[in-house]
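Peer 1: The chain contents come next:
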Amino acid sequence: MSAVAPVRGAAAGDLYRLVVRDLRRELRVVDGLIVNIALPVIIMVVFVYVFGGAISTGSSGLAYIDFVVPSVLLMSGGYGAATTAITIADDMTGGMMDRFRTLPIGGWLVPAGHVLASVLRNVVACGLALAAAVLLGFRPHATLTEWLLVAALLTGYVLAMSSLAAVWGLLVRSTQAAGAFSFVVLFLPYVSDGVVPAETMPDVLRDFAANQPLTPAVAALRSLLLDGVPMGSSGVVAAAWLAGLVALSLPVAAVLFRRRTSS
Amino acid sequence: MVETMNAIHSTPLTDAIHARGLTKSFGETRVLAGIDLTVPAGTLLALLGPNGSGKTTTVRILATLLAPDGGTATVGGHDVMREGRAVRRVIGLTAQQATVDDLLTGRENLELFAGLHHLGRRTARRRAAELLERFDLAGAADRRVGTYSGGMRRRLDLAAGMVAEPRILFLDEPTTGLDPRSRAELWAVIRELLASGTTILLTTQYLEEADQLADRVAVIHGGRLVADGSPAELKRQVGTERLVLSLARPEDVPRAHTALAALTPTARPAAQRPAARQDDRPAAQEPEQRDGWSEITLAVHGPGDLRRALDALHRAAVEVERVELRTPTLDDVFFELTEAAA
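Chains as they are written, first to last, in the UniProt record's numbering: chain A, 1 to 263; chain B, 1 to 342.
These are computed hints drawn from the structure, not numbers from a lab.
By construction, the Cβ of each residue, glycine as well, lies at the ideal position given by its N, Cα and C atoms.
Treat each hint with caution, since some may be false.
Taking CB as the label site, the calculated pair distances span [as the list claims (entries may be wrong)]:
1. Glu130(B) <-> Ala142(A): 26 to 34 Å
2. Arg258(A) <-> Arg134(B): 35 to 43 Å
3. Ala261(B) <-> Arg259(A): 36 to 44 Å
If you want a taste of the chain A side facing chain B, the calculated C-beta under 7 Å gives, among others [what the hints assert, rightly or not]:
4. Ala10
5. Arg21
6. Gly95
7. Met96
8. Arg99
9. Thr102
10. Arg206
Covered stretches of chain A, as calculated for chain B (at least 3 residues, CB under 8 Å) [as the list claims (entries may be wrong)]:
11. 23-36
12. 214-221
Kindly generate the complete structure, drawing on both the sequences and the hints.
Peer 2: Laid out in structure tokens, this is it:
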């Protein structure tokens, strides 16, 4: 009942207002600033300087900075995207959702606004991480088309993680539990070919790494950003993974949202 | 028959809120067991009840936040279940939980809600400024709500419910937890809204609040209405005042009871505090012991009853140490009404 489509055209304006609200909130809490601005830079510095000297890139033959930058870009965007679970849980468990639901807007716009705001701020976080990488000596070689594909892939990854985080944020009943999603997103890159070569891992982990979305996403980014790294099927596989995750999690989030706001 | 049909199927235009037979259970717990409410346009109904009596559930159903299991309700002439969006266009809600954003300023909050009401940018700004002025928040307009005092936050919450100038306002315990001064300020605002023609359904735990503001009071207990009437009628029902007599000698208590029981039914030993109620014992038989005194509480109507009570005790040679008159508390009202219903 509460999710009837709003007046045509009004939804875009409502979404815009909710996104502005989310971005304002994010800029006003120290956590938000750290996650979105400081963390991408810190992760980049830690991997390139602290771990970089000790980690061999195996058969890829890449310098460690070239090897690791793609996964650090994904970490930077992904970690920020995970906080979507918290912003949504905050609204759902506090009184804000009651306020929004007595307004003549589609209630689903509230979680949708959080997801969209997350995409915006985390694409920016990816950009900051990339700038930090360049300062640390990363030298990308990409054509305009390749840059656009890099942007599309990062945006797709952030959207997929934000949508998954939205599902989690709607499932749990407290803000604290919502925070747990960050760990999933934080760990996923480590068990991919992104941080250390997957060929050095035990069998089980290597199989996992070969069949999770981060590995093809990292491979595609490397190919797009660097010269002489073949793309193979990684771009298509990565795109299929991300599209699949978004296509699965958005309807689930919609159903969960409806369930939480009716009865 | 015809009358019953009308009551169920049509809503007189003068009734802003009209509910019949609302029921709601959460799992095994029955929260509402059939609530009938009518609030004529431009009046204030106070829904008076303790925690867990079903006040908030009733408000949430009427504000389209919760679907009832059974019964019907119209708000502003629209069915709350089938025409939720139309209802939301005419109502404002101030819930118990804070429903404003702590990280935004007061002005940003109001402009956000005004925008989501599709008022248009310029109108939204003007409306926010007006409300900040009206609710005495202009000085704090550009501070984050997180820095506001409890009273300021409630006023902002109320203002947030008012951005679209709703005809019908739901206030769920608007003054709970406020200091007396903030409460008085909020009452003044509520009276002003009422004077400007707004229909208000207010829930409260305080009889005094209902008395101060309401045209009619509905007392809710265990998901049922146990009384419904004007504050004056309600008070007549429970006695306007409580007479607390402290006896000098505890051994006089039975004699005092006998003497008082012989009085007219208007002045009879009345409800005691919740302690007695939990015991499920007739309250006046177990007078409270305090500082070596024994207290007896009576419901009295005016000075005549007071004089009669003291005369009766004097004749029975009961020595009264102290006499105190107080207004009935919600406890008194409930004990009286639920006792009568039992």
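Peer 1: Does each hint hold? Answer for all of them.
Peer 2: Now the hints, each set against the structure:
no., hint, verdict
1, Glu130(B) <-> Ala142(A): 26 to 34 Å, "54 Å, violated"
2, Arg258(A) <-> Arg134(B): 35 to 43 Å, "37 Å, holds"
3, Ala261(B) <-> Arg259(A): 36 to 44 Å, "58 Å, violated"
4, Ala10, "6 Å, holds"
5, Arg21, "6 Å, holds"
6, Gly95, "3 Å, holds"
7, Met96, "6 Å, holds"
8, Arg99, "4 Å, holds"
9, Thr102, "5 Å, holds"
10, Arg206, "44 Å, violated"
11, 23-36, "holds (count 4)"
12, 214-221, "violated (count 0)"
Hint compliance for this structure: hints 1, 3, 10, 12 are not met, and every other hint is.
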